[in-house]
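Residue numbers for the sequence shown follow my numbering, so the first one is 4 and each next one is one higher.
Bear in mind the hints are in silico, worked out from the structure with no lab data behind them.
None of the values given here were measured: they were computed from a predicted structure.
Hints may contain errors.
Restricting the straight-line Cα-Cα distance to at most 35 Å, the calculated cross-link-like pairs of lysine-lysine (DSBU-like) are [stated by the list, open to error]: (1) K133 x K154; (2) K116 x K73; (3) K96 x K133; (4) K334 x K271; (5) K300 x K334; (6) K334 x K299; (7) K333 x K271; (8) K271 x K299; (9) K154 x K116; (10) K154 x K96.
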Amino acid sequence: MNVWLNPPADYLLFIIIALAAVAATLYWVREHAATAHSRLGSLGLWAAVGLILAGGWFFVRYLGETTRDKIGATLQVLAPLYADEMSRHGHAKITLATPADDPLYLQLISLQKRWMALNPLVHDIYTMRKLPDGRKVIIVDAETDYDRDGKFSGEREQRTPIGEVYPEADPGLELALAGRANFESQPVTDRWGTWIGAAAPIYREDGSIDGVLGLDYDASLMAHSVALARLAGMVCLAVFLVIVIAAFSVILLQQARLSERIRADAEKERLIAELQQSLAEVKTLHGLLPICANCKKVRDDQGYWAQIDLYLAEHTNARFTHGICPDCVKKLYPEYADSVSNEPNPAENPPKT
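The task is simple: from the sequences and hints, build the whole structure.
Following this line, the structure appears as structure tokens:
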């Protein structure tokens, strides 16, 4: 069973995982550094990741296509070489009436087996010929170890008899029968499996087309090779993204710590200034205060005279309430003096200790 996601689903999944990682990282950063710098940095990180993912799309696609093209190019080079070898060894002498134990036929079978052993990319080699009625028939198709277990087991891996009709439509074979070597990247399914392959014409000594030689490569292995190449590209992108995300996170955290330190220093300076101001005011009150001997007003630093209670309220945290002492009541309001005189005077009768 194929466990690989086909393009572009594999890269779309990679994008989802990458964006989820960025979102999780930024959430963690905001929890530890919720500042204006972190918000601007978040936008920068999203932009950087977006550019990387956009470029990565083309990078990963290039890797997959390059892998496919390399396999195709190898098959396309081998097919004409093998076709020429078949022609030189007398492929045109094999007919539908050739017996299975014919020495020339067995020699061609041996050639195919040797070529497949030498080239792991080649999973099957066969020759075909087009009959006058338009049917395509297999001429030489050796036993093939498809599962690479060292033995030919099952009907699928056995030698194909001369003259078996090949009913499937294959554009690559038709082109080769018309004299054009080619590589067909679109998979073709037959009783042996699903393949991509290359085909080249086999010529007779007079230059006419005798048949076609086909090379098959398992389409599932092609998909597997392409998927591995794309996965390698995505791993490289993932490493690069981790570095970028980590760098942005460190920068954002450092900016947050610096901002916090600046705020703390500013708060410290403010408190120091307040304390210095308070200390200056306290020292002023402990100095010599010019006070009027009659009205008891106090002269401030600017030369203005103010009530002592107003002056103290301005320069200290003291607050005043206003009333009239008994002596002033007798002086200002003699008619109430008797009622006030009955109240105890703490100055005259201090509490006992």
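So, going through the hints one by one against the coordinates:
1. The hinted pair formed by K133 and K154 meets the criterion: a straight-line CA distance of about 31 Å does not exceed 35 Å.
2. Among the hinted pairs, K116 with K73 is consistent with the structure: their alpha-carbon atoms are about 23 Å apart, no more than 35 Å.
3. Between the alpha carbons of K96 and K133 the distance comes to roughly 15 Å, so the proposed pair stays at or under 35 Å and holds.
4. Only pairs whose Cα atoms come within 35 Å are accepted, and K334 paired with K271 is rejected, the gap being roughly 54 Å.
5. Note on K300 and K334: the hinted pairing holds, with a Cα-Cα distance of about 21 Å set against a maximum of 35 Å.
6. Distance hint between K334 and K299 is fulfilled; the C-alpha atoms sit about 18 Å from each other, no more than 35 Å.
7. Restraint check: the Cα-Cα separation between K333 and K271 comes to about 54 Å, which exceeds 35 Å; the hinted pair is violated.
8. With a CA separation close to 40 Å, the supplied pair K271 and K299 exceeds the 35 Å bound.
9. Only pairs whose Cα atoms come within 35 Å are accepted, and K154 paired with K116 is accepted, the gap being roughly 12 Å.
10. Between K154 and K96 the alpha-carbon distance is near 30 Å, which keeps this suggested pair within the 35 Å criterion.
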